[in-house]
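Asks: Protein chains in written order, with full-length UniProt numbering: chain A, 1 to 331; chain B, 1 to 331.
It is possible that part of the hints are untrue.
It does not matter which identical chain is meant; a pair holds if it fits inside one copy or across any two.
Unchecked claim - Below 30 Å or equal to it, Euclidean Cα-Cα: the simulated BS3-like pairs (lysine-lysine) are:
#1 190 <-> 121
#2 210 <-> 285
#3 210 <-> 121
Hints are computed from structural coordinates only; laboratory data are not their basis.
There are 2 protein chains.
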Amino acid sequence: MPDKILLGHGSGGRMTRELVRDLFCRQLGDVAPDSMDDGAILSADGKIVFTTDSYVVSPLEFPGGDIGTLAVCGTVNDVAVMGARPLWLSLGVILEAGIELDLLERIVRSIATKAREAGVKIVCGDTKVVEKGKGDGIFINTSGIGVLEHPLVPETIEPGDKIIVTGTVGDHGMALLTMRKGFPLKSDLKSDCAPLNHMLAAAQEGADVKWMRDATRGGVATVLNELAENRPWGVLLQENDIPLSDAVAGVSELLGLDPLYSANEGKAVLVVSASAAAAVLDVLKQSPYGRDAAVVGSIVADYPGKTVLNTEMGTLRTLGILASDPLPRIC
Amino acid sequence: MPDKILLGHGSGGRMTRELVRDLFCRQLGDVAPDSMDDGAILSADGKIVFTTDSYVVSPLEFPGGDIGTLAVCGTVNDVAVMGARPLWLSLGVILEAGIELDLLERIVRSIATKAREAGVKIVCGDTKVVEKGKGDGIFINTSGIGVLEHPLVPETIEPGDKIIVTGTVGDHGMALLTMRKGFPLKSDLKSDCAPLNHMLAAAQEGADVKWMRDATRGGVATVLNELAENRPWGVLLQENDIPLSDAVAGVSELLGLDPLYSANEGKAVLVVSASAAAAVLDVLKQSPYGRDAAVVGSIVADYPGKTVLNTEMGTLRTLGILASDPLPRIC
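Working from the sequences, and respecting the hints, build out all of it.
Replies: Shown next, in the form of structure tokens:
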């Protein structure tokens, strides 16, 4: 095999087959079929959840993960927050001619590692190659299928319910920002990219979780805005209770950025009844991905349709939805 | 809305939501949910088929279709040739900043038209935007879910079985070739891009179809090579019986290209028992997409593992698998 991707690797001919067999299937090992085709036959009972996400993150590798880590965790989490057990992923890659096979191999190895951890199989795949200058290294689409186990019940949300965040907020977005070309500071920020399915399923086993969402693009503030939109109640967050790593706190302050709008790739936001909050928090904290979980606010009768922050200074601030993220291509 | 895609359309914030609502959902109409999210809950009984395909065709619009037509038909056909009824598609788009919204709108309209014809719903979607120069207009991934209805039985294939092609071969690849920048000839070639699911399901209703495959990248020769590989029997094609449009025949001869290796996006290859061949052909010919269907060869005890062509001149020629397609980005 050459050491770089050539246009022929996308032809569907022998070069494509060798790439799939010698790189993809070899690196994916037990999490993929022996010869990965573009389709798979699967057995599903009951209701299924179907999700899709394309990943165009830049740079392809970053502290805490790479585009492969992201492509598995992101889609696993999308399925999990719908109350489903993720089982199968598809893997569609668009490669730019000229990228190093070594890099691709590292990325596929990350896919295998995270799929194994999440307990999902990569059951079908597709490889395309575009000319140099017509892509950006590698784009990945993963679609996910899961079996619905604990349907969410957002219609039962009422004032008094508690809002839980499963850990420190803003890590992924801030880590990506400080990695970007030309960024003047070194930091020890790391992406929080992680598969949350086991932790969220455990949380749902113990207590009624009314609603969940992974707080990716747009961050915690954006998903809460989507939750509250057009509802007869509002969301009131307590800034003092929001878990923040020192590194994110430092960079946010320095740059004047709000970590509540910064992307997470290993954090979910949950709404639970007040009586269930302590038990859910206990379960979350038993996971390495939930150690810093905290109740960060409540559903309130005031401010219907709005997400409001009670700031450290005791003032109230409405958190609107971002028109556009100042930092493109974080996932 | 601006008339071009901006990076902010991929932010996950308000601009993304407006693009999804005002362009995608509006154009998709009844084939998509009112507000398209990245996940959907679906009910499936029995075995499901799951496929994925990314589309990077260049140019984005061509005679007979566009990347949207292709993204629906290609994935619908992938599901259908596994013996399943396609029901749901995901839609992941990667847009290059700067593309015209008008172009995107035409493409989404094609998606709607073909989804309606195929009887599938677009149930979940995702939109990402990359900087100008880091993509090529629009890349699309569609993953498909179908319910298995007529499982294929390739293990029952035996010498004497007939090979059917559902129509003229090579149209899509040749049409794309003559569209490419710098190609010196005008032609009236058109892509054959079409959803084959209804026709193939009808063919399977009437008779045992042992094996089917859509003959996309690599053409009829490549899918037959994949069929015969490592089998105790071979494939013998009769060149005289292979349906060819005059336009494809002309361009192929002029350029010295073999239409058997040229991509199709609306043709399938079937293997049926000799006794069923006439009935299957009858059913296929009732569809507008199967008018030119023909028996083009047989499974033979000779040439195990190989695909052999009995040429017009009466000589035998082995059809190998292409290492690499001379024409990149045809789908």
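Asks: For every hint, state whether the structure bears it out.
Replies: Hints, verified against the model:
| no. | hint | verdict |
| --- | --- | --- |
| 1 | 190 <-> 121 | within (26 Å within a copy, 39 Å between copies) |
| 2 | 210 <-> 285 | within (19 Å within a copy, 54 Å between copies) |
| 3 | 210 <-> 121 | both (28 Å within a copy, 28 Å between copies) |
In summary, this structure violates none of the numbered hints.
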